[in-house]
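**Q** This is what each chain is made of:
Number of protein chains: 2
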Amino acid sequence: MKDLWSIGTAELADGKESIMRRGNVYQIANGYMGYRGTLDEFGPEQLVGITLAGIFDRVGSAWREPVNAPNGGFTSVALGGVALSALGNNVTRHRQTLQFANAMFERETEFASKGTTLTIRSARFLSADTPNLGVIRFSFTCNKAAIVTVHTGIDGNIWDLNGPHLVQLSAERRESVLLMQGLTSEASKRVAVAEATDLGFGEVAHESKGNRNLRVINLRAEAGKTYSFHKYFAVFTDNDAVGKPVGEAAIETVLRARKLGYETWLARHNAEWRKRWERGDVKIEGDDEAQLALRYSILQLLMVAPVKGSANSIPARALSGQVYKGAIFWDTEMFMFPFFIHTHPETAIELMRYRIKTLDGARRKAKTEGRGNRGAFYAWESQETGDDACAYYNIGDPFTGRELRTYFRDKQVHISGDVAIAMWDYFRLTGDDSLLLEGGAEVVLECARFYYSSAYYKRDKRRYEILDVIGPDEYHERVNNNAFTNMVAKETLTIANATVNHFRRKHPKELRALLRKLRIEGELPKFRDAARRLFVPKPDAKTGVIEQFEGYFGLRESTVEALKAQMVHPNEYLGAGQGLAVPTKIIKQADVVMMLNLFRTRFSPEIKKANWEYYEPRTEHGSSLSACAYGMVAAEFGNLDFAYKYFLKTAKIDLEAKYKVYVGSVFMGGSHPAANGGAWMTAVLGFGGVQADENRVAINPRLCSKWKRLLFHLAYKGDDFRVNITKNSVTVASSRANTRVHTVLVAGKPVKCRPGRPVTVEYRRAR
Amino acid sequence: MKDLWSIGTAELADGKESIMRRGNVYQIANGYMGYRGTLDEFGPEQLVGITLAGIFDRVGSAWREPVNAPNGGFTSVALGGVALSALGNNVTRHRQTLQFANAMFERETEFASKGTTLTIRSARFLSADTPNLGVIRFSFTCNKAAIVTVHTGIDGNIWDLNGPHLVQLSAERRESVLLMQGLTSEASKRVAVAEATDLGFGEVAHESKGNRNLRVINLRAEAGKTYSFHKYFAVFTDNDAVGKPVGEAAIETVLRARKLGYETWLARHNAEWRKRWERGDVKIEGDDEAQLALRYSILQLLMVAPVKGSANSIPARALSGQVYKGAIFWDTEMFMFPFFIHTHPETAIELMRYRIKTLDGARRKAKTEGRGNRGAFYAWESQETGDDACAYYNIGDPFTGRELRTYFRDKQVHISGDVAIAMWDYFRLTGDDSLLLEGGAEVVLECARFYYSSAYYKRDKRRYEILDVIGPDEYHERVNNNAFTNMVAKETLTIANATVNHFRRKHPKELRALLRKLRIEGELPKFRDAARRLFVPKPDAKTGVIEQFEGYFGLRESTVEALKAQMVHPNEYLGAGQGLAVPTKIIKQADVVMMLNLFRTRFSPEIKKANWEYYEPRTEHGSSLSACAYGMVAAEFGNLDFAYKYFLKTAKIDLEAKYKVYVGSVFMGGSHPAANGGAWMTAVLGFGGVQADENRVAINPRLCSKWKRLLFHLAYKGDDFRVNITKNSVTVASSRANTRVHTVLVAGKPVKCRPGRPVTVEYRRAR
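Taken in order, these protein sequences are the chains called B and A. First residue of the first sequence: 53, per my numbering; consecutive thereafter. First residue of the second sequence: 53, per my numbering; consecutive thereafter.
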């Protein structure tokens, strides 16, 4: 039986792309920072990156992006004066492994030089217990006595896409602790990295030059003896608000780390990871390929879950680097949030706190963007302030060399509703209204205000309309009454009313304060009116198909292949007003189907099927968000073969890392946490058939043929459940610690689930 | 003193472009047809064209365009067996002349061959009395006895841009009359050309081959003797509804023509032209250049005025060929209609009848175009049915070789208001409501309905808005609340209400019938509401500048030169969504300034000045409609130097014919009747300072420095006036035949004008 809890490789093909891809695949992270899957001896040319969450910087007019920290994990070994690198030609064996159980990266590399063999072993993790801390165990062994030199410390040569971000980079030594500090160029935020080791061999000197702050250990290594030490590095920034200079905090952290020792930290780390997996893992019996890919996907999500209290969110490329400006997109609410709300609500709430934190940025955007609207228009690409990092000109035109105007930033208005819906989902699926009280209600009301102020009333049709938008399908810009967008806007207005009603009953004082603060009371009747009269395209009476936007059905039929055949340059973009897809029905990614997915409890399987079958052949799947949206909906109406195909494609995206990493000259590599979330959604919500709303959880399994059993955890209204699905039975085990009896609807049948009393229900496989 | 009533040239440079340009400059027309200024012996390679008004055809998927008739004016002469052509190398002298007084084209060409000289003289006119008829006087003389062969008859080899349009082209002879007939390929409409001559010399044979139907006359010409004959050709189409086969009608016409003889037809023709000039001419003393150019411009308009009862209008390239599909644009109402309403109201009403005739097409367009609106959305490029001939993809992209999507057709909604305003102007400036009764009121109500149904109500701002349009400036597509468009829409709604009020008082029965027919009574209160609440951008309180559309002021500053410097291909278009002008304030043509021009009585000179000065440096003048709009407004606020510069540029456009004739591979040559109208407007409304509204005529002259005197005719409320402006006096002569006393406001002073009693008022030159 295969180990389905790790991946490993012996390959170390050189070349920038291979190095880059492995750096993504083998990355580790702990929410505070990500550490790319590079090797101890690598430098910036090998794309070493320790990317920090929630701290951004801009240099000149280049893209604003997250800050990478100096590499406190650096160690290189020289044998007989020759520095060893796994990319060198004296490597006789190499193996690197990523352990899923505790997000630990390990490597073992054997070098041979003039008859002497030296083997390096290292393991590293970013502490899940103490997020500022990274821990490394490093050792080497020679088969013969040999002169060995070890350089270990902090490498301040930082790989940046649009850097350098740290100015006045200084290197210090405080006794045995190394420290590097710098200031971000834009806001002069201090970033400090300290490093300590428990080195117990050799003669130690110090070397500080060329942005490196290192110890140099020379020794005559004995044959067969393993020399090992532990490294602790700590990263602090001014964002951490630790009440003391960040350099001091970093030093204190590594000193304390060294004092407690490796095993202690590993144990704490592992304990934390056990908890994460306990609730996060999904077991698939009968399909090792799916199991491994899904588990890897879940690992990615668990690793990048924001630190509690940070009010950070998860960027579109997570913490794998600086791609996409480290920005948070709708991806988080639409594709990652569902995993967390169903398994780790304490992370889900953190993601939502990020949107509360950035509300003022969204207010600024509403005022300045477009038509002087009010309320909150969330950034399409959001960084720490919520101001939009998205450019108006985004896509290089291969013909003119100029950038094409796209309307992602100013017209993709569904983002505010995506946020509001997730905010409300947190409340309705957990039953916990603390998020609403700590700012969520304000977000919801401001999003509703945004839609009300940007909606138009069509008097002769007696309805509100949302005009001039981009829906999820970015090939058709500036369309009217996009089904997805209108549905999301209507829902936001409805949620605003529900929020006010809830507060009126439960928190009248807080409601009064909020309404006064926002001066919004007079607008509430308008929101109610708009929630009722906002137009949403309905399924066609005959075909069941929902028109993606007004006029879509009148567009020209085509195929992705036909469009590609018409291209006169391989890099021409199919959208942006004049692209080949614009006059056709070819869409970039799920749009109506995304709506069916987001509002999965509101549409019948028949409508899902009709729209899936209509839109799927017209979809390019030019976004990593597309396949899983189609996969989930396919599972829901019973097209399990297709669902499985898209599930696997989605689940393997980061594991296989076969995506394009350069678009033109722009580096686009990195992980795909939205697809990771989409893989989980397809497995649990799709095949598992879980539909939860404010009233109950329903489970309508449609296991694909390979799968014998599907086991997963569900969090709902503060209680925990294990669900065990086979081909013909569903067992729901309500945790012993749960506080009340829940009625779960299994395959349409209401089942009472009492704490500590698993219930099994037989079912007939749906269609 | 120069003859300022003709132009002539001795040049006959070969080359397609020169031939083409001369064909435009020397064209003649009579509203029924245009005959390009080509020579008797020319064929399709020399771009001979007899373009018919109001009959269109489409071949395959090529552009639908007007039909050119077989050339009944063909004559060629051979000397000693060698055919003579003015483009040949045996030409010793050539002169061709266009007489403005009666739109007559004359030529005289001397050929020399082996010591013999032969001189051809011809003159031709298209009868202003009998529009189906063309008349030619042809003669030749040899200095020595010589063998001469004359071919004369009908050349059925037709120059077409997107033809051939006539299928089953037949050639017949009925005694001495030649006949060619064919059917349009799309609708099988018959087009017939008959030709007769009074030839009285030589031996006549007939030759019918290769689409030519000719007489061949061989003779031994005597030395010094002039051989002359007259040719009559008649064109009829199924559009003429003459109650008999069109071939018969054509034959009868030429037989009758021959019977009455050349002098009779010339006298009738001249009498008609005297009437035209009597009311149409503008005399400028002190500036021969301006006089000639303006008179030429007026000639162009008088030649192409539609035939009474035809309900035809004037295409953007008039009858100079098939360019722009022979389509009618807003050019007619905005730039030509003013000339006719002020001088020839009987032509102005005909132009408006065309819009009544095409109302159903406009209704169809409103239904199908865009958002399922109601009412009348007139075609951007209108042919005989009013269905839109404008394509969605219009402009060749030099980079991809594909056509760019432009929104001229579907978003340039101001066209309906342009029509409605002209319709109402006819009534308010003539006092004649017959046009409203015969369908004009229906047009106005349907245009109002269109705007009401396409306007959006912004509830929080309590106003209607017009979204997603193109104003006159075509570089900025899909903008909101374009000042010009909103003003025009608001005016249309106001006019609709005024029309209903007028009918309620004067024609209650007709009103009831109309309201019933349109089922529109319930909508009238809405029109009133929208007329009041439709938003129109106001002049900025500080600067007086009106924002062209919402967001215009936020666009990037640039210059035309800067944009051109950024171009990477000489043919790249500056608009169409991704063009270089789109993100900038650079505009293609007058937009706000066009509004100031159209509503010239509503804005103060200060506002006109402020906007002119703001927008002029930001205008490319990439349309022939732009210079005259700026010229007129400059005259109105007193920038006479600029006004004069733009006036002259506009007035000389067709005379100098220096415009580009090929845009990419597309032939764009032809005349510019809108500029011709613009030249008249700048002279009379601009420098003459004429402002007429429903209450009175006002005259505020601002003669440019060169002009000593400006004389013109004005028609107003059924009466006629001659206006004689000098540097310090204005004389208004109310025609003896006028029926009542008018109060004319001269330089701000009310002056009573009694029939037959000229009044002179001194004035001080405005600023």
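Keep in mind that the hints were calculated from the coordinates and are not lab data. A couple of the hints might just be wrong.
Said to hold, decoys possible - The calculated DSS-like cross-link candidates involving lysine-lysine, where the alpha carbons are at most 27 Å apart (straight line), are:
1) B:510 / A:569
2) B:409 / B:296
3) A:510 / B:419
4) A:241 / A:261
5) B:578 / A:513
6) A:590 / B:510
7) A:661 / A:594
8) B:510 / B:578
9) A:513 / B:569
10) A:510 / B:594
11) A:510 / B:590
12) B:510 / A:510
13) B:513 / A:510
14) A:419 / B:513
15) B:419 / A:419
16) A:241 / A:296
17) B:513 / A:578
18) B:327 / B:360
19) B:513 / A:569
20) B:419 / A:590
21) B:510 / A:594
22) A:578 / B:578
23) B:569 / A:419
24) B:510 / A:419
25) B:697 / B:758
26) A:697 / A:661
27) A:261 / B:513
28) B:801 / B:769
29) A:419 / B:590
30) B:510 / A:513
31) B:578 / A:241
32) B:311 / B:360
33) B:419 / A:594
34) B:637 / A:419
35) B:769 / B:697
**Q** Flag every earlier hint the structure violates by its number, smallest first.
**A** Result: hints 10, 15, 21, 23, 27, 31 and 35 break, sorted rising.
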